[in-house]
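Participant: So you can see what is in the structure, the chains are spelled out below.
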Amino acid sequence: MAEAHGRRPVSVRSVNCPNCGAATAVRTFGHAVNVVCQSCGSILDAANPGVTILQRFTEAVREEPLIPLGTRGKLLDIECEVVGFQVRQIVVDGVAYRWREYLLFNPYREFRYLTEYAGHWNVVSTISALPDGGPTPDESTRSYGEREYRHFQTADATTTFVLGEFPWQVRVGDTTTGSDYVAPPFMLSAEVDADKEVTWSLGRYVRGDEIWSSLSLSGAPPDPIGVFANQPSPFGDAPRAMWRTASRLAALAALLWIVHLASARGTQAFAQAYTFEPNAAAETSLVTPVFELDGRPTAVEIETTTSLDNQWMFVGYALVNDETGQAFEVGRDVSYYRGYEDGESWTEGSPSDTVELPSVPRGRYFLRIETEGERTAVPVRYRVRVVRDVSSSLRFLVALVLIAIPPILASWRAAMFEGRRWQESDHG
Amino acid sequence: MTSRAASCPNCGAPLVYRWSSSVQTVCEYCHSIVVRTDVDVKKVGQVADLPDDASPIQLSTEGRYGDKGFVVAGRIIYQYEQGGWNEWRIVLDGGADGWLSDAQNAFAVSFLTSGLKIPTQAQAALGRRFVWNDTPFTVVSRTLAHYAGVEGELPFEYWDKTDVTFVDLRSAGADFATIDYSDEAPALYIGKAVDFDTLRLRNVRTFEGW
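So the protein lines, in turn, are chains E and R. Each residue of the first sequence is one higher than the last, beginning at 1 in my numbering. Each residue of the second sequence is one higher than the last, beginning at 429 in my numbering.
None of these hints come from the bench; they were simulated from the model. These numbers were taken from a predicted model, which means no experiment stands behind them. Glycine is no exception: its CB is placed at the ideal position from the N, C-alpha and C atoms. One should not assume that every hint holds.
Coverage of chain E stretches by chain R, computed from C-beta distances (three or more under 8 angstroms per stretch; other residues unrestricted) [claimed, not checked]:
no., region
1, 9-18
2, 109-119
3, 167-174
4, 279-289
Simulated crosslink set (DMTMM-like; lysine to aspartate or glutamate; CA at most 20 angstroms straight-line) [as the list claims (entries may be wrong)]:
no., chain 1, residue 1, chain 2, residue 2
5, E, Lys-74, R, Glu-636
6, E, Lys-74, R, Asp-625
7, R, Lys-589, R, Asp-481
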């Protein structure tokens, strides 16, 4: 009865290999179906009290697990012991890719796997609810829990090496078809064993250093190489967060821009028409009467409207504070050409020009105007107009561009990472 | 609960049927399989030593399923080419029978159904879908297995070691179903996949070093 046989702990036993005679400890109690002799590598039938050899070890190269069998620790909050080890491989375009699987045991829990490929680790558990999607694994997207999983790869996986013990039959040469779907840091996998079984499991990406500290392993884990299917992006949600910040800043800049446009008075401070006669003197200079620029320091716009026609002139302005002598200087080339060629009319340049001087303090100012042109040219009539407190959009546009640069760079780098991830998939 | 006493027809040891729905039990002394014909009992077979197994569950383990408590009354051990699993017969509060299946510590509780349409073995191919009680199920495994041992009290009389087909089905919501094709009329069991924590088991086995 239960009371009679259940009170004492289930005890650990060992088996002796009929091939080489060495003793191998059985760590999973009665779960063990196969035990691999740790000395000669023969696969033994653990369930048979006499122990028979099911498959002799033939591989020339013996693979050494990075994590020794018998290692114990907590992985993802569940205590476990490493009891089995197998190497499996897929062949894609004639290239064999091998990964390692460590079988994790806890006497009260389902078996789990710890997998490793090129320094990338996953803790894998079978799942009891089926992901949404077709009845058999295909390339369609699957949903499970709250996440959507995109198909990554489907390939036939063959066992090439085994060590330790397993609660089900394993042989070198066993082949199943595996399909992986990813939603980093998770990976859904379906393993199809011919027409007998479909097993769905969920893997979670765990960094090598976390495994090493969880299992108290000595040394350091191998450095990960490349980007793994469900490796979380090191950029994570950063691009999204940066876009959020950038859009807030852009909204603020746009608001300030609107306030600026609405509040800019654009009042005329001075206007006067002049004539420039280049045939008289190629360079002339004149000084305007003094005018008032009031209010807070705002932008000043100098507008030049000319009668130029197939001709150019240079206008140099110096806006000089009559009281302090402080000068804002700016030079403008104004040119306007037009013609008719190959049945089409064309124009180049413009007869008028506008230039802006940012943040000019209040005060009494005059303009010193210097003009320059070709001696052969015809006289030019031009009008100079000074507008105080104009709206100035340039700095807002510059601000918007500057705001957008960091998130664009972050998104670009994140996209490069995703590109490297998917390059390894069936869809790369 | 009605406990009935009888003697093992093989060795004379006392037998107790703890559960009124039990039909078969195994004598704990001589391992005879004893079938109740209500007052008299007769021996129909004998089990060899049970296969070495490491289920954390044992006879008289108690646990919970939904809002009901249960106690483990018996079990059937199945073996197939890849390994084995246990079907623990559980008796719930109120006396209902159920099965707690344990395949390498992957647990599911299911109950015999009646009146539902059951596909034939050929129809129940891997990946096929069937709807029972508005829940769509998908066939996830087909297993050829045989009895490898029995223990405790069972609600039916059965002791045949030929291979029979079991078809397991799952849903997107952790529903679980098994079709047992061992009888001419297949039997459909429906329930839920459950994990160790939600079963809240008491009186489980202990393991050296754990």
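Participant: Does each hint fit the structure? Answer for all of them.
Facilitator: Evaluation of the provided hints:
no., hint, verdict
1, 9-18, "holds (count 4)"
2, 109-119, "holds (count 3)"
3, 167-174, "holds (count 3)"
4, 279-289, "violated (count 0)"
5, E:Lys-74 <-> R:Glu-636, "18 angstroms, holds"
6, E:Lys-74 <-> R:Asp-625, "17 angstroms, holds"
7, R:Lys-589 <-> R:Asp-481, "19 angstroms, holds"
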